[in-house]
Amino acid sequence: MFIQNLIGAQNTRRSFLSQGVTGIGLTALAGLLDPKLLPGQASGNELASRGVLNPLHHPPKIKRVIFLCQAGGMSHLETFDHKPKLAELHNQPMPESYTKGQPIAQLQGKKLSCFAPQHPFKKYGESGNEICSIFPKLGEVADELCIIRSMRTEAINHDPAHTFMNTGSLISGRPAMGSWLTYGLGNEADDLPGFVVLTSLGRHGQAQPIAARQWHSGFLPSRYQGVEFRSTGDPVLYVTNPKGVSRKKQGEIVDAINALNRLQYDKVQDPEIRTRIAQYELAFKMQASVPELMDISREPQHVLDLYGTKGADGSFAANCLLARRLAERGVRFIQLYHRGWDHHGGIKNAIPKTAAEVDQGTAALIRDLKARDMLKETLIIFGGEFGRTPMAQGNGRDHHIKGFSHFMCGGGIKPGITHGATDELGYNAVEDVVSVHDMHATMLHLLGVDHNRFSYRFQGLDMRLTGVEEAHVVKKILA
Amino acid sequence: MRVSPIFLSGLLALFNLSPACGQEKSTIDFNRDIKPLLSDRCFQCHGPDENQRKADLRLDEATSAHESAIVVGKSSESDLVDRITSSDPDLVMPPPDANKKKLTPAEIAKLKTWIDQGAKYQGHWAYQKPARPAVPGLQQLHDWSTHPIDRFIAKKLENSGRTPSPTADRRTLIRRLYFDLIGLPPSPGQVNEFLEDRSANAVEKVIDGLLSSQEFGERMAVYWLDQVRYADTNGIHGDNHREHSLFRDYVIQSFNNNKPFDEFTLEQLAGDLFPDRTNQQLIASGYNRLNMTTREGGAQAKEYRAKYAADRVRNASVVWMGSTLGCAECHDHKYDPFKSRDFYRFAAFFADIEEVAVGAQPAIKLPDENQEQELEVLASELASAKNTLEKRTAERNRFFQSFVEKQAQKLKDARPVWQSVIPLKAGSSGGSKLKVQDAVVSSTGKNPDKDNYQLTFQASLKTVTGFRLELLTDPAFGNQSLARGNGNVVLTNVLAKYDGQPVRIKNAIADFSQPNHDIKLAIDNNRATGWAVSGHTKRENRTAVFIFDKPVDTSGNGQWTIELMHESIYAKHNIGKFRISMTEVLAPSLKNDTGAPGAIVAILKKEASARSQQDNERLYRYFLDHSTAMSQPRKAFQDLQKKKSEIEKSFRPILVTKTVKPRMTRVLPRGNWLDDSGDVVTPGVPSFLVQIPSKNEKDQIANRYDLAKWIVDPNNPLTARVFVNRLWKIAFGEGLVRTPDDFGSQGSVPTHPLLLDYLAVEFVDSGWNIKKMVKTIVMSKTYQQSSFADEATLKQDPSNDLLARQNRYRIDAEFVRDNALAISGLLVKQVGGNSVKPYQPPGYWEHLNFPKRRYQPSMDQNQYRRGLYSYWCRTFLHPSMSVFDAPTREESCVQRPRSNTPLQALVLLNDPSYVESAQAFAEMLMQGSKDNSKRLEFAFEQALNRKPSEKESAILMKIFHEHQKEFAADEKSASDSIQTGLRKPAADLDAKEMAAWTSVARIILNLHETITRY
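Top line first, the protein sequences correspond to chains B and A.
Each step along the first sequence adds one to the number in the numbering used here, with nothing skipped, and position 131 is 131.
Each step along the second sequence adds one to the number in the numbering used here, with nothing skipped, and position 526 is 10526.
Quick caveat, the hints were computed from the structure, so don't treat them as lab data.
Keep in mind that a hint or two might mislead.
[To be verified] As a list, the in silico BS3-like pairs of lysine-lysine whose alpha-carbon atoms are at most 30 Å apart:
#, chain 1, residue 1, chain 2, residue 2
1, A, Lys10591, A, Lys10425
2, A, Lys10951, B, Lys267
3, A, Lys10951, B, Lys248
[Stated by the list, open to error] Among chain B residues calculated to face chain A with C-beta under 10 Å, some are:
#, residue
4, Lys243
5, Arg247
6, Ile257
Just so it is clear, CB atoms sit at the ideal spot from N, CA and C, and this is done for glycine as well.
Pulled out of the complex, with its shape left as it was, chain B reads as follows (with noise of 0.2 Å):
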């Protein structure tokens, strides 16, 4: 039985794909992975897809995403956006012609004032994308970065604003942006599952609760739900044999299980049951393939050097390094939080201390990507679910929601440019305003997704990622 045959065998993943699956086991996998659509991938065919878009609606240029979130709410004013402005009315009261009627979170009703950028901007690079000096190491993989300077989003509180970054909706329940990639367009990875989440926590700045809603599949299929990698105790939850059992055993009782399965098969013929066969044989390569992708102890040394970190340590870097490793093997979304970001006082002392722990991990990703030439098909995101406000809050700022920043880079993206920008104050966007529904359709187009196309029928409307207002594929940063 082929379990046995894996046992056998060195049980690496690398074994496992060479050795090959017979039988039930590929083609029932691959069924369960992408229903219907088995045919279009042999094919070769550039239009097809693992998952209910197939054909895509067109040639994508993408083939997976890393969505790098700074959770807590980065500041935009000591990272990506320069305003000069701002620190000659340090003190000085903030004009009402900013503030008036406008959502605000932790200062309302308080008096509000002019706060400067408390780090130096610099020009970097041949393309002199402006960066804040807290992030040296992005400073030198500035060219490839496409900064937006014009993020707006609809939530201004941590947990509501989290779950319109991810799903596009204020209203809990609906899929997160990962769920609806694996839904679409499939997974690439026969033994991972399709969208993971690896989360870091800060230790400068406050850590803001994270839900698991976040990466939940809301109301399409729970095999579409984002996974977590944890850094301590199981890698997957329940990925471990019980006590006392060996992986022998272990793949001897899934073996059986599968046959006694399979005699109930020929009874009822239910087809559920051989999907559930499937399954078992999937969950125990998870059980080999999780720990040995969680592994980074075989990294060469440079490698772990690049990104700053020892080995397996729950940091930002490692799971940049890990990010890679999934990226490599298939996983189609892949979403990092680090949470840190929530600056409402002491930003000066702090914010350097929290783009310490992101800066050089992100910048080792994005050169480890483009070295092993994968960087072309994978679109990074970097960016929190809202900014902080050009007012005080003490010495710190409160949250903000009508302008902060992004950066893209990877596949299809143009890179060393600036996109978009804030008034001078760096209160509203204003120019070449990107909605997190914005967001959503130039990442799905990239995928070769029209967002207009895409979509579920739930309590009688299609649900789109992108909602029911218009959205925009941001064409000026595509190359």
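Chain B is fixed; fit chain A onto it per the hints.
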């Protein structure tokens, strides 16, 4: 008519292909055939939403449509047909850029036929009041069944030339009934009893038994709790704990008591508004508080009030009306006639609910139904115990007389515990004059702000263990109380010396201390603190006792000095009148000479004839409380009191509804909470439905009670249909309407519309009797059919629209867990209570914050409770639950998906709850028999309610022998692999053998069949 005969017959053939259209073949039915097409392709621009309407054309109502786009009876002359058949991309409808599916030739043909037949409109089916349809007569299937449900089903089968499946075999049937009605598998004994019962009503007996079991309510609650989004946490940001389990238990009990659905509805929406409402009705009103709430700092009250209002509209409209009224928050509904105004008027019903917009929600404590019953019983027991204790009989009176005499005698005989002392000297530091009369000292003359008294007296006892200070009231004092100032006293320090040597006071007690002014503060050597007695408000003598570190030997008759200091910031709080007494008893206390309180002593000291009526009553009370003769009835009474207070202490907190002055509700343009330009609205139901009868002029505004009454009014076209459809779903896995959350234009039409109406009318006529309706459904032959479907059948009717068979599907998340616990004998059947915590991977909650928290699994019997009691953390639902499609309950869930994933395999293989179940199951097998094949047979009976086949036995026995051999060679693994969880493996069984049986048990618990309802 220009339609060619050939085309027409082709058209009819097309209709025949679609099984859903089997009931009436030749005429077009607007609701069944046309409305879904128009709704899906046209209404977005030509429907109810004025703001989106194009070309001023409405196709959702006859007048507008007949005026312009449709020429009645003449499809060829109708613009509509021109446009849908046009090949010009600028003209064709729906336009290519609308992202609507193109109309197929069959659909176009339908529309043409409909126009030719008169383009008749009907109101949407779900908004017409259901009328009781006649039960159809049958031909070929006439003898199949007389059950009304079966007649409706068979009619459609006849029309499509199909026949029903045979009845399921008895083992499958009983297993199905158990899973559907109680969410647990039958035991082998229950299966055998049923197999042996050859009586005609054997099935009915099983059904009746299940419907009257406690587990029925638990099973039904699982579905209802999904709908109303019951959870243990508030769901946003910190996702903090919110105790609401009383509500869950109310739901369980309501189903078990077969509470009529109309009452169930009224209580939840408006339990607080019932006149003379009961605690249970108040708990039911907790429904209105199940929405998610936030405590996040910086969250805007106004924004969150708007969110909570919208949440309630979405929930109530989907739960009771199967309507997506929630879609009208930002705009008029695009497909159904709900206006945005309807949304906000509906929201206004809930504007009277008291709640905190941002922050913790204060809870109140209430008894659950059992506690209430217990308290009721206790109240009558207490009354009778009190009566037993207090009643006067001749015998009692004799006891009483003798008790009083004995006490009085004891008092006379007793050596006085306290000996009052007469000071030789009484000095004041502040300049007052201390007068001594007998043993009583009074402060007179100047009344300084602060004053320290120094009293000197001769020792008279042989040893002294402590002294007593009595503060005495005087009518001349402030407030006629204890001091010359405002009547209150602050005694900051007390010192004692014997023969010039300080004596340490180790403890002090008093019969009363003012809050924050305990007597201990008078011996703490701190001038800033002291003992005070509320003398300015209370006018009573006070007593304090000061206890020495060690008994002082005073046999040498030396001199005592006692200092009473008044050095607090409170001026003139100096003791006005007092007496000091010394004692030699080993443990000085406040008690008097007989151990009786002062008042009783005073009465006892009187001659019997001098005692007043009141005196005698106090003595009698004292007798009841202290006489050994009364100890038995007294203990009986006290035990009951203790029981009562324990029950009261264990009341659980819950958020209930409290009505306050309604907040103003405005229409929010585009749902924007910052926009105050919208109209103010009063509560009201959607304008196109039957309205709530208007109230008298004084009391114009409808409230939640009116809303609830309207929902369960027999004239409401939705409620009964929506609910019976969900009961149907419990019995078939799918509703007759496949979108149980949407009965609107975009929802599915019923597969059997007349049957749905029949059931809805029956349900209302039965008095909304839930158990009766469930029984009606499961007694039908339709329900009892086999679920077998081979590939050919599946191809013919993949979604089983004809119901020519039962459905088969994986059981719900909670029941997957319950099933494993039941099979392994670990299940603890206890109904209700606080939520419990099954094992959960460590660190799973690490992303939660404010506060950070650690999940502590239940370490007792609660570990083995049913899944419905598992702690429901909305942002991090237990992973095993979530993997099997349990919803997070952030929003209403009317239909769980049924997925089949590798993560489910990992849970069943490796989650400690399932591993521990396998170990317990293995132990059960070994204890049941010594014979391996008997053990295996029992395992199958227990888990699958059938015997294993030879092939199955061979596979399992092979793995058993192999693993037994391997475990024998590796005893550590063997003992490790039977130690998961809280329970300890039986010591008298062989660990290696048990480990091997555990392998077998794990295989059986992982089978698809084990978690499937056939």
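For the pair we were handed, A:Lys10951 and B:Lys248, check the Cα-Cα distance against 30 Å. Holds, at about 22 Å.
Hinted pair A:Lys10591 and A:Lys10425, Cα distance within 30 Å: 28 Å, holds
Report holds or violated for the interface hint on B:Ile257, using the least CB-CB distance to chain A and a cut-off of 10 Å. 5 Å, holds
Would the hint on B:Lys243 be counted as holding, given a Cβ-Cβ threshold of 10 Å to chain A? 4 Å, holds
CA of A:Lys10951 to CA of B:Lys267, is that 30 Å or under? Measuring from Cα to Cα gives roughly 13 Å; hence the hint holds.
So, B:Arg247 near chain A? Judge it on the closest CB pair being under 10 Å. It is violated, given that the least Cβ distance between B:Arg247 and chain A is near 12 Å, above 10 Å.
Checked against the numbered hints given earlier, the structure breaks only hint 5 and satisfies all the rest.
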